[in-house]
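K.L.:
Each chain, letter by letter, is given below.
2 protein chains.
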Amino acid sequence: MTKITALDTYDVRFPTSRELDGSDAMNPDPDYSAAYVVLRTDQPGLEGYGFAFTIGRGNDVQKVAIDALAHHVSGLSVDDVIGDLGGFAKRMIGDSQLRWLGPEKGVMHMAIGAVINAAWDLAARMAGKPLWRFIADMTPEQLVATIDFRYLTDALTPEEALTMLHAAKVSKPQRIATLLAEGYPAYTTSPGWLGYSDEKMQRLAREAVAAGFRTIKLKVGMNVEDDVRRCRLARETVGPDIGIAVDANQRWDVPDAIAWLRRLSDVNIAWAEEPTSPDDIIGHAAIRRAVTPVPVSTGEHTHNRVMFKQLFQAGAVDLVQIDAARVGGVNENLAILLLAAKFGVRVFPHAGGVGLCELVQHLAMADFVAISGKKDDRAIEFVDHLHEHFVDPVIVRNGCYIAPESPGFSAQMHTGTLAHYRYPDGPAWREPASVARAR
Amino acid sequence: MTKITALDTYDVRFPTSRELDGSDAMNPDPDYSAAYVVLRTDQPGLEGYGFAFTIGRGNDVQKVAIDALAHHVSGLSVDDVIGDLGGFAKRMIGDSQLRWLGPEKGVMHMAIGAVINAAWDLAARMAGKPLWRFIADMTPEQLVATIDFRYLTDALTPEEALTMLHAAKVSKPQRIATLLAEGYPAYTTSPGWLGYSDEKMQRLAREAVAAGFRTIKLKVGMNVEDDVRRCRLARETVGPDIGIAVDANQRWDVPDAIAWLRRLSDVNIAWAEEPTSPDDIIGHAAIRRAVTPVPVSTGEHTHNRVMFKQLFQAGAVDLVQIDAARVGGVNENLAILLLAAKFGVRVFPHAGGVGLCELVQHLAMADFVAISGKKDDRAIEFVDHLHEHFVDPVIVRNGCYIAPESPGFSAQMHTGTLAHYRYPDGPAWREPASVARAR
Chain A
182 MTKITALDTY
192 DVRFPTSREL
202 DGSDAMNPDP
212 DYSAAYVVLR
222 TDQPGLEGYG
232 FAFTIGRGND
242 VQKVAIDALA
252 HHVSGLSVDD
262 VIGDLGGFAK
272 RMIGDSQLRW
282 LGPEKGVMHM
292 AIGAVINAAW
302 DLAARMAGKP
312 LWRFIADMTP
322 EQLVATIDFR
332 YLTDALTPEE
342 ALTMLHAAKV
352 SKPQRIATLL
362 AEGYPAYTTS
372 PGWLGYSDEK
382 MQRLAREAVA
392 AGFRTIKLKV
402 GMNVEDDVRR
412 CRLARETVGP
422 DIGIAVDANQ
432 RWDVPDAIAW
442 LRRLSDVNIA
452 WAEEPTSPDD
462 IIGHAAIRRA
472 VTPVPVSTGE
482 HTHNRVMFKQ
492 LFQAGAVDLV
502 QIDAARVGGV
512 NENLAILLLA
522 AKFGVRVFPH
532 AGGVGLCELV
542 QHLAMADFVA
552 ISGKKDDRAI
562 EFVDHLHEHF
572 VDPVIVRNGC
582 YIAPESPGFS
592 AQMHTGTLAH
602 YRYPDGPAWR
612 EPASVARAR
Chain B
182 MTKITALDTY
192 DVRFPTSREL
202 DGSDAMNPDP
212 DYSAAYVVLR
222 TDQPGLEGYG
232 FAFTIGRGND
242 VQKVAIDALA
252 HHVSGLSVDD
262 VIGDLGGFAK
272 RMIGDSQLRW
282 LGPEKGVMHM
292 AIGAVINAAW
302 DLAARMAGKP
312 LWRFIADMTP
322 EQLVATIDFR
332 YLTDALTPEE
342 ALTMLHAAKV
352 SKPQRIATLL
362 AEGYPAYTTS
372 PGWLGYSDEK
382 MQRLAREAVA
392 AGFRTIKLKV
402 GMNVEDDVRR
412 CRLARETVGP
422 DIGIAVDANQ
432 RWDVPDAIAW
442 LRRLSDVNIA
452 WAEEPTSPDD
462 IIGHAAIRRA
472 VTPVPVSTGE
482 HTHNRVMFKQ
492 LFQAGAVDLV
502 QIDAARVGGV
512 NENLAILLLA
522 AKFGVRVFPH
532 AGGVGLCELV
542 QHLAMADFVA
552 ISGKKDDRAI
562 EFVDHLHEHF
572 VDPVIVRNGC
582 YIAPESPGFS
592 AQMHTGTLAH
602 YRYPDGPAWR
612 EPASVARAR
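The listed protein sequences derive, respectively, from chains A and B. Converting from the first sequence to the working numbering requires adding 181 to each position, the first position being numbered 1. Converting from the second sequence to the working numbering requires adding 181 to each position, the first position being numbered 1.
Just chain A, same shape as in the assembly (with noise of 0.2 Å):
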């Protein structure tokens, strides 16, 4: 019987601030990092892969957070738990004393999903499939089997979640052909980081149309007249048939939000993005009604189906970003997926920092093929950084993501980089002038 020797966490970090990609109206000066996972099998090269992302300072905390979940892994049977991901994800969420730091939000949250996400990698690579497959090629019974109903039957019951999955069933088989065929649609963020001056924005925007996307996104928030100017600049360098996104990474209170977004009206906006706090549900209904016709949207910092479940209840967003390393792994994730599906909300995944794009790019293409059977009204996040640390990188062609093919959920990170990056003694760090910006 192969068993899961141990729980390994490195504690990996990428000086981005030295180049100010990634800046944003809330972040200005982000490190991504990740909290890496690896689950140790006595099986020689078996191990399965996952990762809290963040972006530098308390990474470490997130490692310890992931730390502590080890008397959950270590010594299972690895059967046990690819046979039952419901289970296994369940018996981390529900331990009572662990709960309390939460429950189900926050450090211990992410650490819980990192986790998770590592099993369901484990699983994938077992059965010899990129994880997107593995998802889809699940009954739809053994996939709700994996979902955590709590807090979510006042708006979706498993027995409905089984009807929409053996509906979605019929035509599974056509849909992963025409993934396979055609991608999934990617939109670029590439243009819009808050650091960067109009021309290198402008010239960004035009090699994204070029090279086949359809959808932009700038960040927005510091500056309002900056904003619209940018905008401005955008449309008209990329012409009225792209969309236009924008971005305030929580900037805003619900009155300046309406205000702001306003002034935007003319540009013909895609969505706002994260316009005020992402525990604001009541804020962002209010927005959006105030707003109309421009669609809302947030999720990236959502933290649990719950808080989506009430998004969508309360008509607070035209469509969601959804995480892969933020809520508790792929089980939630489905959850999110299916009531996104059940109301009819538009899910454009979150992607960027470091692997995010790897990691989701399985779930949208997941719920694709297996539940929402739409793809070209949405699109995944793209931001072509950072992914050569991974073994199994994204591959992004004209403007879309292609299906991975290789085994697992695409965590895998190269162990040079591991090395590498290590904070705060990996080479990537030695230097004196980087270590004190990273305190």
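Each pair may be met inside one copy or between any two copies, as identical chains are not told apart.
Below, in silico cross-link-like pairs of lysine to any residue (SDA-like), each with a Cα-Cα straight-line distance of 25 Å or less:
(1) 555 <-> 344
(2) 271 <-> 376
(3) 310 <-> 356
(4) 523 <-> 466
(5) 184 <-> 263
Keep in mind the hints are simulated off the structure, nothing from the lab. Computed from a predicted model, the values in this text were never measured in an experiment.
Once you have looked at the hints, place chain B on chain A.
P.N.:
Structure of chain B alone, referenced to chain A:
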């Protein structure tokens, strides 16, 4: 110039699970714990104390999260900190890299709260006043300056808060005299733990009434027939004039909560606490509508002011629990108390655990004296447990908390306690059996 020289932290755990005190529907075996903070200064004898409360496993994660804040504290001038407690809090909450781990929720936010509370303790000690009095003696302008109104201005502006505080100022001296003469009402959860037999519950309920408490609380949510029986027994035991609250500790989905609470409708419940997920604002509103006139409440796990704001905006609760160690410290609790006063929602502070009574009494008393002006339609939870570990333990007489007189926030533990209960190497944890249980 006096400086803060260090932020020292301790992992202190009490093996309370051995006695099943504190058992409820979600937390069967808590080991009450504190991630304890000492702000040390270079002035002999001058220190500030605070802590995050946990129930065992994960207290080490909580400690590491507090350690991650050291760079925001060490080396600061004490006068700068206590002269601008608002700015001190905002710098930690606004640390963009750490903020990613929440934002403003879970482990990182509780860590920030512990440090902020230690700074208020320090400030009150230097002023030679108990914290409630230190707050009461602030001008409205000083108090408002400590509050972060970000994400609140659609419900409460600084100007409105000032108007409320100026109005309350008029009869502040009389209320201080009233508080000193009468104390502040307490209610007790001591009879109600799920691990207790009916006989023990009845005996403790009788003792509670004899001791002057006007409200008791029973844990519910494991078995509806048991709950109906226990609540009716309790009602028979205490008579019609004593309040009986029930607390489900998040056990139910929305439809379950409605069905269950309707079964208890003949007991005349004082309030139904935490019927479902603390994140489910819309769910609480639905439950409240369905079980009227049973009052609905939540709050001990409500993770920040944005969530409280929405509970009030949505009419989701009849009353709320606040917790001194869950949110971002005194500052954020002042914001929550102002919101509650504006929306006319009664506050029944959460306490128990270890040290929560010691802390939260100050907030309730400050609210009575300086904010809401009310105390006789509300009460602070009281559990007579673990107070002996504190240098300035609460005093409850005839069902009322007596206003503390010693300077500070009553958060300081005895040095001997820190040594004896230090996890995992203190004498209390050295016996193999208890160490094994805590794993």
